[in-house]
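Colleague: Produce the entire structure from the sequences given, and follow the hints as far as they go.
There are 2 protein chains.
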Amino acid sequence: MRISELSERSGVPVATVKYYLREGLLEPGEVLNARESSYGEGHLSQLRLIRGLVHVLGASISQVRQILSIIDTPDQSPLEAMGKATSSLPAIGESGDSAAADESQRAAHLLERLGYRFDPASPTVAQLGSALALADDVGIRIDDDHITVYGEAARRIAQADFARVPWADPRAATTFAVLGTALYEPVLLAMRRLAHYEIGLELEADATEITDNDTTTGAP
Amino acid sequence: MRISELSERSGVPVATVKYYLREGLLEPGEVLNARESSYGEGHLSQLRLIRGLVHVLGASISQVRQILSIIDTPDQSPLEAMGKATSSLPAIGESGDSAAADESQRAAHLLERLGYRFDPASPTVAQLGSALALADDVGIRIDDDHITVYGEAARRIAQADFARVPWADPRAATTFAVLGTALYEPVLLAMRRLAHYEIGLELEADATEITDNDTTTGAP
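Taken in sequence, the protein lines are chains A and B.
Residue 1 is where the first sequence starts when you use my numbering, and the numbers rise one by one after that.
Residue 1 is where the second sequence starts when you use my numbering, and the numbers rise one by one after that.
The calculated label-pair distances, taken between Cβ atoms and stated as ranges, are:
hint: 1; chain 1: B; residue 1: 113; chain 2: A; residue 2: 203; range: 16 to 26 Å
hint: 2; chain 1: B; residue 1: 30; chain 2: A; residue 2: 69; range: 52 to 62 Å
hint: 3; chain 1: B; residue 1: 163; chain 2: A; residue 2: 24; range: 45 to 55 Å
hint: 4; chain 1: A; residue 1: 144; chain 2: B; residue 2: 136; range: 32 to 42 Å
hint: 5; chain 1: B; residue 1: 169; chain 2: A; residue 2: 42; range: 55 to 65 Å
hint: 6; chain 1: B; residue 1: 58; chain 2: A; residue 2: 201; range: 26 to 36 Å
hint: 7; chain 1: B; residue 1: 206; chain 2: A; residue 2: 75; range: 16 to 26 Å
hint: 8; chain 1: B; residue 1: 120; chain 2: A; residue 2: 69; range: 33 to 43 Å
hint: 9; chain 1: B; residue 1: 139; chain 2: A; residue 2: 28; range: 19 to 29 Å
hint: 10; chain 1: A; residue 1: 117; chain 2: B; residue 2: 101; range: 42 to 52 Å
hint: 11; chain 1: B; residue 1: 69; chain 2: A; residue 2: 167; range: 47 to 57 Å
hint: 12; chain 1: B; residue 1: 102; chain 2: A; residue 2: 42; range: 22 to 32 Å
hint: 13; chain 1: B; residue 1: 69; chain 2: A; residue 2: 2; range: 49 to 59 Å
Everything labelled a hint here was simulated from the structure, so no lab data went into it.
Predicted model, so just to flag it, every value in this text is computed and none were measured.
Built from N, CA and C at the ideal position, the CB exists for glycine as well.
Modeller: Below, the structure written as structure tokens:
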């Protein structure tokens, strides 16, 4: 297909496709003549992948390059790729702040207390530390029991994620691992906000029922 | 305390404190003389709240203003406040894209199928729709069973969140509801990434064990 069709089918403007080509994120097409090249389905899927990384994850071009190179590394297990890719993903949260060492350490202590196995140098531990510190700062500290509920729920989700990794095809498995780590995050957050709404409705219904009973029976 | 101490204790630079005062996000202090005012613990906690909204949620000044006015509205239930505040929070995900109508609709169909009660006009439904569409685009579609696991885990978490709302103090309850909705999100994402890492370790250990058995027994 021509670049115009590639652009239309991927939803990426022609100028941006050309930019990705210049940056080497996209392989050149087959040259037809001095002014035109032809592109295949491989280009389309690569372009959709880049679009996902940029638009959903907010990845920078250099992060995209890094993640693509992880996906394309031969002879690695999807697990290795996943670990490397998670470190390359944009940090959780929109803050530009980096976590202070004592915040990371506090998160590490918490994880130890809860019996987690983790890499203390992982950026995720630092991000957890920042989030905990900020919750403290604004007066809504998260206690151990509360975070245990988060941890157990997260584990069930992670098990369901792993059950869907297409292990038989290493490149597909790696792509799934890298993209799924991050692309499913907004899904999880949306489901939690929706659950808040539902539970809110239930509590309101309960409150109304209690009020109704009050007026008829005078019960507390 | 003077503005310098307020700045030091809140971690917000003096110039930013002055900006919040000009913008009316922070009440003026008690005037001591033409050049100095005195601030109290209420100013400090308000400033920490604003800092949390800006730094963790990436809220704009106009979003901060809106959320503060929701928190300060008298005679409302924390549930009402929470619903209003969730709509004012920055959207999930870092994409500037708004969801197409058909994406929202697809999310609404999914939620109906799964038996959720929801507000079809909620921005969360639209954001869920965008996230699902993007996962499709990059070839990692989320099936109904998979999203059911997310939904059930999210519900357990939301129940634990609600169990901690300080209902007896309406302003504290509202603050908790508004901030907790968003401040705990990075915690949840971090816990999921950590769970991926742990499960990855377990799978690698299993794989090594199978390989070891192979060399000694020749079993597949």
